[in-house]
Amino acid sequence: MTSIIDDIRKTARQLLTEEKVDVVIGYEKGSLPLKATPCFVRSPQDVDKLIWDETCENNLAAFVVKTPGKKAIIAKGCDSRALMVLIQENQIVRDDLYIIGVSCQGVIDQRKIEAETGEIIGATITDGKISVQGIECDKVFNFTEVKDITCQTCRYPNPVLEDVHIGGSIEVLQQATLFADVMVMENKSDSERKAYFKEQMGKCIRCYACRNVCPMCYCQECFVDCNSPKWLTGGVDSAENLLFQTGRALHLAGRCVECGACSRACPQGVDIRALSRKVNKDVKEMYNHESGLTEEVKPALNVYSADDPEAFLVKE
Amino acid sequence: MSMGECLVNTETKAFQPKIVAFLCNWCSYAGADLAGVGRFQYPATIRTIRVPCSGRINPLYILKAMANGADGVLISGCHPGDCHYMSGNYVARRKFALIDSLLKHVGLEEGRVSFSWVSAAEGVRFAEVVKGVTERVTALGPNKGVFKVEDGGGTND
Amino acid sequence: MKISKEKFGQSFDALAAEYQVIAPVRDAGGVSYKAVKKFSEVKQDYLNSKLPPKSFFFPQHEKLLSYKKEGKDVTVKNELNVEKTILFGIRPCDAKGFLLLDKVFKNDQYRDPYYFERRDNTIVIGVACHKIAPTCFCSSLGLSPASSAGSDIFLIDLGDSYQIEAISDNGKFLMAGLEGLEELSTEEQTLVDTIKSAETTSKVDVSTITTKLDKMFDNPYWDTLHEKCLSCNACSFSCPTCHCFDISEEVLKNEGSRVRTWDGCMAPLFTLHGSGHNPRDQKKSRWRQRMLHKFNYFVHNNGDIACVGCGRCIKNCPVNLDIRQTIDGVNKAELVVD
Chain A
1 MTSIIDDIRK
11 TARQLLTEEK
21 VDVVIGYEKG
31 SLPLKATPCF
41 VRSPQDVDKL
51 IWDETCENNL
61 AAFVVKTPGK
71 KAIIAKGCDS
81 RALMVLIQEN
91 QIVRDDLYII
101 GVSCQGVIDQ
111 RKIEAETGEI
121 IGATITDGKI
131 SVQGIECDKV
141 FNFTEVKDIT
151 CQTCRYPNPV
161 LEDVHIGGSI
171 EVLQQATLFA
181 DVMVMENKSD
191 SERKAYFKEQ
201 MGKCIRCYAC
211 RNVCPMCYCQ
221 ECFVDCNSPK
231 WLTGGVDSAE
241 NLLFQTGRAL
251 HLAGRCVECG
261 ACSRACPQGV
271 DIRALSRKVN
281 KDVKEMYNHE
291 SGLTEEVKPA
301 LNVYSADDPE
311 AFLVKE
Chain B
1001 MSMGECLVNT
1011 ETKAFQPKIV
1021 AFLCNWCSYA
1031 GADLAGVGRF
1041 QYPATIRTIR
1051 VPCSGRINPL
1061 YILKAMANGA
1071 DGVLISGCHP
1081 GDCHYMSGNY
1091 VARRKFALID
1101 SLLKHVGLEE
1111 GRVSFSWVSA
1121 AEGVRFAEVV
1131 KGVTERVTAL
1141 GPNKGVFKVE
1151 DGGGTND
Chain C
2001 MKISKEKFGQ
2011 SFDALAAEYQ
2021 VIAPVRDAGG
2031 VSYKAVKKFS
2041 EVKQDYLNSK
2051 LPPKSFFFPQ
2061 HEKLLSYKKE
2071 GKDVTVKNEL
2081 NVEKTILFGI
2091 RPCDAKGFLL
2101 LDKVFKNDQY
2111 RDPYYFERRD
2121 NTIVIGVACH
2131 KIAPTCFCSS
2141 LGLSPASSAG
2151 SDIFLIDLGD
2161 SYQIEAISDN
2171 GKFLMAGLEG
2181 LEELSTEEQT
2191 LVDTIKSAET
2201 TSKVDVSTIT
2211 TKLDKMFDNP
2221 YWDTLHEKCL
2231 SCNACSFSCP
2241 TCHCFDISEE
2251 VLKNEGSRVR
2261 TWDGCMAPLF
2271 TLHGSGHNPR
2281 DQKKSRWRQR
2291 MLHKFNYFVH
2301 NNGDIACVGC
2311 GRCIKNCPVN
2321 LDIRQTIDGV
2331 NKAELVVD
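Chains as they are written, first to last, in the working numbering: chain A, 1 to 316; chain B, 1001 to 1157; chain C, 2001 to 2338.
It is possible that part of the hints are untrue.
[Said to hold, decoys possible] Under the rule of at most 27 Å between Cα atoms (straight-line distance), these lysine-lysine pairs were calculated in the DSSO-like manner: (1) A:Lys-29 with C:Lys-2283; (2) A:Lys-203 with A:Lys-188; (3) A:Lys-112 with C:Lys-2043.
Note that these hints are calculated values from the structure, not bench results. Quantities reported herein were computed from a predicted structural model and do not represent experimental measurements.
Based on the sequences and whatever the hints tell you, model everything.
See the structure below:
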């Protein structure tokens, strides 16, 4: 990984020195172990703070729309897919954007580690092994054990849109069945699913971290903030929260790039992905669409076909 | 009587559901009108909301109707190919399929939310659709579903 | 004094019949405060709850009143229902948080009945921290993992027993009913002293922050601080001292209720005026507000810093915007001379 970060820094330094961009959006070391934090590098002297490892979990595309000027961005597979959708939706000017593509091994799910070690006091990552000093115990994990659930089923670890590629590319994991996790859920009974979502939504505190961390959630006024009509009341309970999360999942239909940032951002550990994964599966099955792969293929809900499935209609 | 309460027929004590029907202006609304003019009987369970096109229906309309206590929701537009705006119902059809699937996934009972195409000439069929939807919603009973918000004040617990 | 956990547990179970007892329990996402009936349900070994216990006095959403119109009759119902409650296992940071919230909900002109009905009917039993998380920094804010401020009764876990101390009159009243109180042995006293002298490993310097912030409203420090902030309310909602709220009318046809909900200054909606104007429409001004409110305005208005060093905002921030670094940044910022 050392050479990757050297190349990232070199590229960033060059872009800033040659004034091709005003800012490089990347990651720096966070204040907590195993935590990277987004950073905005504006001067060539600062590029050495950039890092690249399995802790770079945020989707930086979320910052692109609101950062003024010409910018370079370090993009993983999912970040680049998000950028692609943003370009399709005319949210960013391609010429103002320089994409430094890096293939991604996946990111760490800290919750999996903390479930065993308790609060993480210190950690080091070497050659796919993560040695963790926890408040309860110390433990060494294989990266694959603690890989985020989204990354476990990732089919696009390599950027789909980039101006320069750094490092090698990553072989895509072959999966016997796509969306196996959604199928497990679908095979449960109605009441089990209902109970599951009720429990999950009961945890939501509506801090809107999921919405704000999402690169696709850029509405000027989100429906939850709208007070005329007032879609959501002041109450925070599982019914209201489900309305919020379902409304959001439907708004992301055919747009969600499956970066999993929403679930990782949730301070309450709500399984937000469960909703968007289901919608993504339906979009793939019904319309054979995956978002943000090429600029030519329009988002699934922007187009139609005369023979789209309509099994959902009433039988009368 | 607010949306939250369910109607009970005083003579039979039978539950009579409240169903919000979003009907497209050009076809289904006219179909409903024709059913009325033609005096084709159907249950007085629907509350019609006329929308310019089925493509105008926001998924939140359905969710909010369920949240505020509607026992059922019926959505109806022009048949594919007949859209007054050429493609409104085609675009809507994709959206509806996803909504239908997701709502069932999160535990909303099958039959609470129904979708159909009814043209301006299909007065009889409109009555049939409403009959069918009403039967299914009646069988399900009052809305106590996953989206039903008790009184807007949260549960206070 | 000390009391064996066995004896304490018996009294606890007996009290649970008379009071609503809220205590830390293990759940899917970590530890949270929930109603319990038995001492055996209580999670003993925990760092702190995921969300602060402020919600027991100041719920995330509460119906203040409800109303209904029938014909010409309007009925209004007060929705305040309060039970006598014991909050068990509150950590020193959160107990101090209650003292700070008290100052918000009471001043010389107004005393919030919803907050104080609950507050006055609650006995807080604090428990000293044994383990200290890397995000804890209460020692920098005049507290320690064993400070009893804000608790009515304060416990220090000694293994099989608790060192027990009544802090307030309410605490004395409750403690008078306890059976099996014993004197501490010399060894136990030494253990208590060790726990009492513990400090958090993480520290910040807030000694001059208030006066420095007096001069920092226009400082360029705010220009970049906020950049990675997402404007969510994960920090505010997990803060034991954040207390901003919104009041809305939830009306459906001829009935409705007036609801108070948590609100937070990090979201642009918080300050959006009816006219469409938003005085704090930039993240920069919102972050400045957060820092100034906690470390400056609150000190001027109430004589204390509105941060207790619980570290929840650090843990919960999706982009790791660490308040300790922000405090350091303020300390290091160069003042701009006019």
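Structure-based check of all given hints:
no., hint, result
1, A:Lys-29 with C:Lys-2283, "22 Å, holds"
2, A:Lys-203 with A:Lys-188, "21 Å, holds"
3, A:Lys-112 with C:Lys-2043, "21 Å, holds"
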